[in-house]
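As you go down the protein sequences, you meet chains W and A in turn. Counting in this note's numbering, the first sequence runs from 38 upward without gaps. Counting in this note's numbering, the second sequence runs from 13 upward without gaps.
A hint or two may mislead.
Computed cross-link-like contacts, EDC-like style, restricted to lysine to aspartate or glutamate with a CA-CA straight-line distance of at most 20 Å [claimed, not checked]:
id, chain 1, residue 1, chain 2, residue 2
1, W, Lys223, W, Asp278
2, A, Lys391, W, Asp80
3, A, Lys391, A, Glu88
4, A, Lys84, W, Asp80
5, A, Lys84, W, Glu100
6, A, Lys391, W, Asp235
7, A, Lys278, W, Asp235
8, A, Lys84, A, Glu394
In case anyone wonders, no lab produced these hints; they're calculated from the structure. Computed from a predicted structure; not experimentally measured.
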Amino acid sequence: MTTHRNQFAPHAAHNLSDWTATAKLLCCRVDPAGKFVAAGAIDHTIQRWEIATGQRVTLAAHENWVRMLSFSPDGSTLHSGGYDGRWIAWDIHAETPQPRQIIQAHQGWLRGLAVSHDGLRVVTCGNDRLVKVWSTTDQQVISTLTGHPHIPYCVQFVPGSYEVVSGDIVGNIFHWNADHGGPARKFDASEIHSNVGDLAPFGGIISLTFSPCGKRITASGLHKVSNAPAGNRRAVAVSFDWATGEKLPKQECLRKDLDATMWRAVYHPGGTLIGIAEKEIGFWNPGEEDVFHLVPTPEHIFDCDLHPNQIDLYTAHFDGHLRAFRLAAAEAQP
Amino acid sequence: MTGNQYTPCGTIDHGLARRQFMGEFLTGAGTIAGTSLFSHPIGAGEIARQSRSVVVVFLNGGISQFESWDPKSDLETGGPFRSIATSVPGIHVSELLPRTAQQMHHMALVRSVSTDLDDHGLANNLVRSGRMTRSATEYPELGAVVARGLERPDFPLPGHITTMVGGVGGRANNAAYLGPRYASVAVGAENGGIVNTQLPEGMTVAVDSRRHDWRRFVNSRHRSRVQSAEMDAYTQSYEQALRLMERRELFDISQETDTVQQAYGKSEFGKQLLLARRLVEQEVPFIEIQHAGWDFHHNNFEFHLHYVADFDSPFAHFLTDLAQRGLLERTLVIVMTEFGRTPSINAGYGRDHYPKAWSIAAAGCGIQHGAVIGSTDAKGVEVTDRKVDHRHLFHTWLRAVGIDSSSQFDIGGRKFPIADPAFGPIEELLA
Numbered sequence: 038m039t040t041h042r043n044q045f046a047p048h049a050a051h052n053l054s055d056w057t058a059t060a061k062l063l064c065c066r067v068d069p070a071g072k073f074v075a076a077g078a079i080d081h082t083i084q085r086w087e088i089a090t091g092q093r094v095t096l097a098a099h100e101n102w103v104r105m106l107s108f109s110p111d112g113s114t115l116h117s118g119g120y121d122g123r124w125i126a127w128d129i130h131a132e133t134p135q136p137r138q139i140i141q142a143h144q145g146w147l148r149g150l151a152v153s154h155d156g157l158r159v160v161t162c163g164n165d166r167l168v169k170v171w172s173t174t175d176q177q178v179i180s181t182l183t184g185h186p187h188i189p190y191c192v193q194f195v196p197g198s199y200e201v202v203s204g205d206i207v208g209n210i211f212h213w214n215a216d217h218g219g220p221a222r223k224f225d226a227s228e229i230h231s232n233v234g235d236l237a238p239f240g241g242i243i244s245l246t247f248s249p250c251g252k253r254i255t256a257s258g259l260h261k262v263s264n265a266p267a268g269n270r271r272a273v274a275v276s277f278d279w280a281t282g283e284k285l286p287k288q289e290c291l292r293k294d295l296d297a298t299m300w301r302a303v304y305h306p307g308g309t310l311i312g313i314a315e316k317e318i319g320f321w322n323p324g325e326e327d328v329f330h331l332v333p334t335p336e337h338i339f340d341c342d343l344h345p346n347q348i349d350l351y352t353a354h355f356d357g358h359l360r361a362f363r364l365a366a367a368e369a370q371p
Numbered sequence: 013m014t015g016n017q018y019t020p021c022g023t024i025d026h027g028l029a030r031r032q033f034m035g036e037f038l039t040g041a042g043t044i045a046g047t048s049l050f051s052h053p054i055g056a057g058e059i060a061r062q063s064r065s066v067v068v069v070f071l072n073g074g075i076s077q078f079e080s081w082d083p084k085s086d087l088e089t090g091g092p093f094r095s096i097a098t099s100v101p102g103i104h105v106s107e108l109l110p111r112t113a114q115q116m117h118h119m120a121l122v123r124s125v126s127t128d129l130d131d132h133g134l135a136n137n138l139v140r141s142g143r144m145t146r147s148a149t150e151y152p153e154l155g156a157v158v159a160r161g162l163e164r165p166d167f168p169l170p171g172h173i174t175t176m177v178g179g180v181g182g183r184a185n186n187a188a189y190l191g192p193r194y195a196s197v198a199v200g201a202e203n204g205g206i207v208n209t210q211l212p213e214g215m216t217v218a219v220d221s222r223r224h225d226w227r228r229f230v231n232s233r234h235r236s237r238v239q240s241a242e243m244d245a246y247t248q249s250y251e252q253a254l255r256l257m258e259r260r261e262l263f264d265i266s267q268e269t270d271t272v273q274q275a276y277g278k279s280e281f282g283k284q285l286l287l288a289r290r291l292v293e294q295e296v297p298f299i300e301i302q303h304a305g306w307d308f309h310h311n312n313f314e315f316h317l318h319y320v321a322d323f324d325s326p327f328a329h330f331l332t333d334l335a336q337r338g339l340l341e342r343t344l345v346i347v348m349t350e351f352g353r354t355p356s357i358n359a360g361y362g363r364d365h366y367p368k369a370w371s372i373a374a375a376g377c378g379i380q381h382g383a384v385i386g387s388t389d390a391k392g393v394e395v396t397d398r399k400v401d402h403r404h405l406f407h408t409w410l411r412a413v414g415i416d417s418s419s420q421f422d423i424g425g426r427k428f429p430i431a432d433p434a435f436g437p438i439e440e441l442l443a
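All chains, please: the whole structure from these sequences, using the hints.
Here's what the structure looks like:
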């Protein structure tokens, strides 16, 4: 797979494909080999498209909304997590993929799931406030990490290691030791959460990502909440220096009034931060507060993932469409 | 007294309002003086009925029927919460209500409420008063009607109480032509009882008593020359406040054992329910507890996850506690809200206002336990069976506690039906 970093040109972004799923989409991921893209839906299914042909196959085994997807590094296995609390592993290359294993991973909703760099571990988190590290070999729990004071939303492995980071609904980011003990470090991003009365936290760490160089950890979510039940808030990304824990300038969309949550932020290998906010795809240069470009899309986006060609961004939409945007000039070819 | 006897200033308003305190009313087709609104002849049964209470838990903002009493788990638009079985075979509610589900044998559900208004204020008034407020006529809310209907001579406490956590508020303006005597009094509870009810430091009971004697004397002299409903209400408020001060310990939930307090929980809602139980023990006719903030146009499912959890455990324990103390058989508990929420999901994963097909729950006295009234279609869009609205419900709540909802108030010679006379109760919901 050749990369095309030099062709990355958000100002020239244009719609590449628009595929219809069976229901509203909550999440999507592109396989590291670039052959498939998968999306999770609120009709409890996963849709798998073959990128070259647009051919769609439905994967059915979850019993609630499918909230998170993650591919193994070799692209052979799709791991999915849903509001049924299940972690399911799929042989994604099969003509009609079936569950290889179904694990009841959490009591209540499973919120976050990620695969380690070598594919040997999966980390999950859920409404039971637990973070669990699993072996993909025998599907046994390697460690259960406790300490989040409220529901953890998302998890990631620290690049190249078995160390875990997790972010919760009240804005804590915990960095955990590999297999045991409490959190080694805490990053305080509580500014991106608020409370509705005393009852319900709103916001928190919606997604976590590391910069390509590994020097920053970035949380996406929302802030500036004026009326939570009405959805009056602004999308934001908060970054920390991974080594020192120093908080770095926030990145938000200042050029346009958007009631939005940044449901996911991902880094382009060149360092540009890509964030989805309502119907917009925003682009930030490292360290700059405001977006340098916005790409409008037809509907609300709830997840996105960058194709390994580094110029195609796949977006999962509320209207049940999976769209791809080429972040490059029309003549660019991966 | 049925003639028009106007106050010296001669205004009809004053005449009407003054008569509010005279306790005259009509029932059925004729005037009955000096009796009550009860739906059966006076006797031991009436005395029992007079000790009845109504507790309204008002989920202000509009709880989603899908995420509570009428789950549609199989629908794509039904949301991510499953339905669970209850203590009554065949009845399912949202999984967000695991503890309340186990009290369903004390409860009934109405899944076919259909109203017209999707504005919070107007809809709120609609379900509370059982009628549409017109510019010329405001109607008393359920609490005022119940306070009037279950009124007993010399009852030392207000008949219509809204609980608060901490603080104490004044009277609301929700009794319309029944007058401020029956309007709600906001009473706060925290450790030690009602705030601001201790005598100031240095003030003795004797001195305080002389102060009040002087106030009564001055009031009496003034009233001999000028009479007004407002003045009467003002005077009555003073006397009622004194009676409240004498009974401040009733509002002190810290007098409950640790076990009891822990069972109700540490939340504001739990504390208010515990206070409500203490007031039910005192036979206060009407108590309302507000649980506000349910207007989830955005993030509906996340917010319901937390809000219904805050409701479920204390509410279930409240029913258990009432039942174990033998209070539930004389207490009607209503879980009220102003409308439901859309069966569709908007792009913010919220649900918007939806008065067309929604649900309400009740428990306790006067209703069929384990009953489910009406139903909605598979998608929860339309009522398909036994459509009812605020007018039917208003009749039903009154009848459940023994008040004849077909009777009338006589206010200055004008007859005001207690409830909309074109409608009646949901008979199959009544015990």
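Each hint tested on the structure:
{"no.": "1", "hint": "W:Lys223 / W:Asp278", "in the structure": "holds, 12 Å"}
{"no.": "2", "hint": "A:Lys391 / W:Asp80", "in the structure": "holds, 14 Å"}
{"no.": "3", "hint": "A:Lys391 / A:Glu88", "in the structure": "holds, 9 Å"}
{"no.": "4", "hint": "A:Lys84 / W:Asp80", "in the structure": "holds, 13 Å"}
{"no.": "5", "hint": "A:Lys84 / W:Glu100", "in the structure": "holds, 14 Å"}
{"no.": "6", "hint": "A:Lys391 / W:Asp235", "in the structure": "violated, 33 Å"}
{"no.": "7", "hint": "A:Lys278 / W:Asp235", "in the structure": "holds, 12 Å"}
{"no.": "8", "hint": "A:Lys84 / A:Glu394", "in the structure": "holds, 13 Å"}
In terms of the numbered hints stated before, the structure departs from hint 6 and from no other.
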